[in-house]
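Enquirer: Protein chains in written order, with this note's numbering: chain G, 1 to 465; chain H, 1 to 465.
Where hints are given, some of them may not hold.
You can't tell identical chains apart in this list, so a pair holds if it fits in one copy or across any two.
Stated by the list, open to error - In silico DSS-like cross-links for lysine-lysine, where the CA-CA straight-line distance does not exceed 25 Å:
id: 1; residue 1: Lys176; residue 2: Lys151
id: 2; residue 1: Lys325; residue 2: Lys368
id: 3; residue 1: Lys153; residue 2: Lys176
id: 4; residue 1: Lys22; residue 2: Lys393
If you are wondering where the hints come from, they were derived from the structure by calculation, not from laboratory data.
Number of protein chains: 2
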Amino acid sequence: MLHYIFNPRSIAIVGASENPLKMGNHVLVSLIEGGYAGKIYPVNPKYDYLLNLKAYPSVETIPDQVDLTVVIVPREQVVQVMEECGRKGVKGAIVIGAGFREAYLCDGDKYHNELAKVTKKYGIKVIGPNTFGVVNLHASLNASFTPAFSKLKAGNIALVAQSGGVCHTIMPYALKYGIGFSKVLSIGNRLNVDFPEMLDYLLTDEDTRSIAIYVEGVDDPRRLMDAARRVVPHKPIVVYKVGRFSKADVASLSHTGSLAGDYMLYDAAFRQVGIIQADDCIELVSMAKALAYQPPARGNRVAVISLTAGPGMILAETCERMGLKLAEFSYKTKSRIDEIVPPMTMRHNPVDLGLLAAEGEKSGEVIKAVFEDECVDAVVIGYLYSWYGDFLKVPVQEVIECHKAHGKPVSVCLAYPEGVWDHLMKTLEENSIPTFPTNELAAKAIWSLVEYGRILRHKYGVSLG
Amino acid sequence: MLHYIFNPRSIAIVGASENPLKMGNHVLVSLIEGGYAGKIYPVNPKYDYLLNLKAYPSVETIPDQVDLTVVIVPREQVVQVMEECGRKGVKGAIVIGAGFREAYLCDGDKYHNELAKVTKKYGIKVIGPNTFGVVNLHASLNASFTPAFSKLKAGNIALVAQSGGVCHTIMPYALKYGIGFSKVLSIGNRLNVDFPEMLDYLLTDEDTRSIAIYVEGVDDPRRLMDAARRVVPHKPIVVYKVGRFSKADVASLSHTGSLAGDYMLYDAAFRQVGIIQADDCIELVSMAKALAYQPPARGNRVAVISLTAGPGMILAETCERMGLKLAEFSYKTKSRIDEIVPPMTMRHNPVDLGLLAAEGEKSGEVIKAVFEDECVDAVVIGYLYSWYGDFLKVPVQEVIECHKAHGKPVSVCLAYPEGVWDHLMKTLEENSIPTFPTNELAAKAIWSLVEYGRILRHKYGVSLG
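For reference, chain G alone in the conformation it holds in the complex (with noise of 0.2 Å):
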């Protein structure tokens, strides 16, 4: 049934407006502005005609099957609207309003259970209540109250939130560097779609390839740890947990009406079941985009090449203190390196290839030596953009065979000023190779590519060849 929620052939939003103060405007707008391919009902009886779409009184007077519906009224109409949702046969509803469960010092209880018993007898599921929406880029959808999440690029990660304001945060840094989703949702406060569900439903979802969840606290870990272990075997998943302190749990409760709870224990659960864990939102969705586009390891030795040696130490060290190996390059790989790199540069590990900078034949060659090499399981790399015009080579070319060629993972920082090096992050990435704009978030990558493949290989017996 959540197919309909995120593909639904059309749509009746109940308590449209015209009036840019509402927020049944903006889900309107994000919806037509969007690009939205269904049939669009916007449902006001004070209306005839909605931003040139029909408007009608009710969405049981829609004279078409309605798939899913967007509810932005009052709590005290969102029952009555759901009956009728239920008698005209609507498969999904996303409930944007607020003052339910998480309001439970303001009779939210008493709304909450009143939707939870209706939605039951109708079979429908919900995205919410006091979520922004949903937003599925493959099909063009923005059904959220923010139309600026139609300019996302369409791309492989699932963000899955709790709470939209990550959503929001998240959406201005990937529309600056290029990072693509699947879908994007709030869920809110859980009526009948909490995690669980929505893991199960990305699990078979073909667009999504990795799983990033913002989790504040969950009502029986349990559940989701059952899911993660039918979804981690497929499908990484990272979570972002937060309210591991006493006054943030506080926070959560009148929030979306969780306690957050020990965060030692959802540390616990997280492991246990292979949840790979991020500490800020930036490295949710870092941590996502390199799983959404390499394989895992097969081993934690990594390999570090940097264009200079700062970045080549704080690649090391990063890596290190995540608790990868720096790999210890055999013999031969040491040779080829020692025969390219001219003397006076750290070379065996990190290496570093500031003096072939303007050569990017040669740095390609001492990566394709290291790639080679049996002794490293992953290899990240750090380019910035330095000196003039394009006297810098970055052997992009050579870093995309040689990935291919041995299905090593690799992660690359490219940091570079807007425009200038645009051309070679497009090549990169329409090649899989995820690209990150400091060091510290590339090595954090490729140590959730390293993750992955221990969990997969631990936890779940999966041979990575």
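Following the hints, complete the assembly by docking chain H onto the known chain G.
Expert: What follows is chain H alone, placed relative to chain G:
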């Protein structure tokens, strides 16, 4: 004497070239395109003119006083060039080439010692060797091999790195987010200008309000500590220290010629003198930005105000994790907030302004109440671009006025797609309110302001009123 390196009236570029494959070309382009207003004297016996500038066969043949020489020649020739500079009365030099102390396996020490001798003989201050150069944005001076540094905004952060790579990583990020600098440089091998000399210089530099340093390892930590003790009471120092792990130590030795050393010792030393520590490049520059803009806090009780609850939790949790206390609002403040904020949201720290999103004036009243509370020492605010058009009102003027009226530090997360809130960010930053693209960075920024206040009060006996 360092004054002449950052504000030279005339510059000789030894090894200048018209060949875009040579660094001597890149430096010349940097100076010209950067808009340097002083005299530029290319030195290269092969040319009469270089990029329309008259070229000279040697430094001594320049018919003018030379304040600064940029040296881009092989290490074998550096000593001779420096002899000439000495006879000519040159006051400072930037030695870009490598192969000195860091190349300890390849006679590097020999070249280092010879260079040390000649520069001591003539009293020439040297940035480098093994540096990308020096940028003084207030003097339109880009004496580096990367012309793109001229695009940076002039501001009040001095960035002093042991490795130029870190400056090259931060530069694109700073361009994207409009972060301004006074000076940007790598001190490389630190022949006779090391961190202590730079700190003392920046202490009296009127364009510098905060100092960000990237450290791999130092030869004489006590000198650094002594310099920090002189500087920190007047200007905050933030450090990003790399070299905490074994392998990275070896890397550092073959990089800028120093053992990175035991991180625990550095950690203790930094704490002892009140140098604030960052965990990556972006944190380094974010904290330095906050410290350049805002006064230190008088205590550690922080108020969290956000547009929506999730980001409020992230802000609160990040603050608590860094050791801050969430302020317990006074009864008066709570009552004032209760009068303005509709029920059903978090309100007594964190404060969730979601239901007032479209009401800038009311949001401003809440912000005012929070700033006025005597139980609040610092304020962090999180706003995310949401909804459609200009429905959402960010109470920018109120934030500016409150900060001015109460002198309490404030940092703001302003996450928005390119363009839509540039004017808000500009207004805030022109009024010394630092903005950040994520809640985590805004929280870490406010932590740095609280931490600096603690350092001033507890370590240096400074009264903050």
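Enquirer: For each hint, tell me whether it holds in the structure or not.
Expert: Taking the hints in turn, this is what the structure says about them:
1. Lys176 to Lys151: both (11 Å within a copy, 18 Å between copies)
2. Lys325 to Lys368: within (20 Å within a copy, 51 Å between copies)
3. Lys153 to Lys176: Close inside one copy (11 Å) and across copies (19 Å); limit 25 Å.
4. Lys22 to Lys393: between (52 Å within a copy, 14 Å between copies)
The structure fails none of the hints (numbered hints given earlier).
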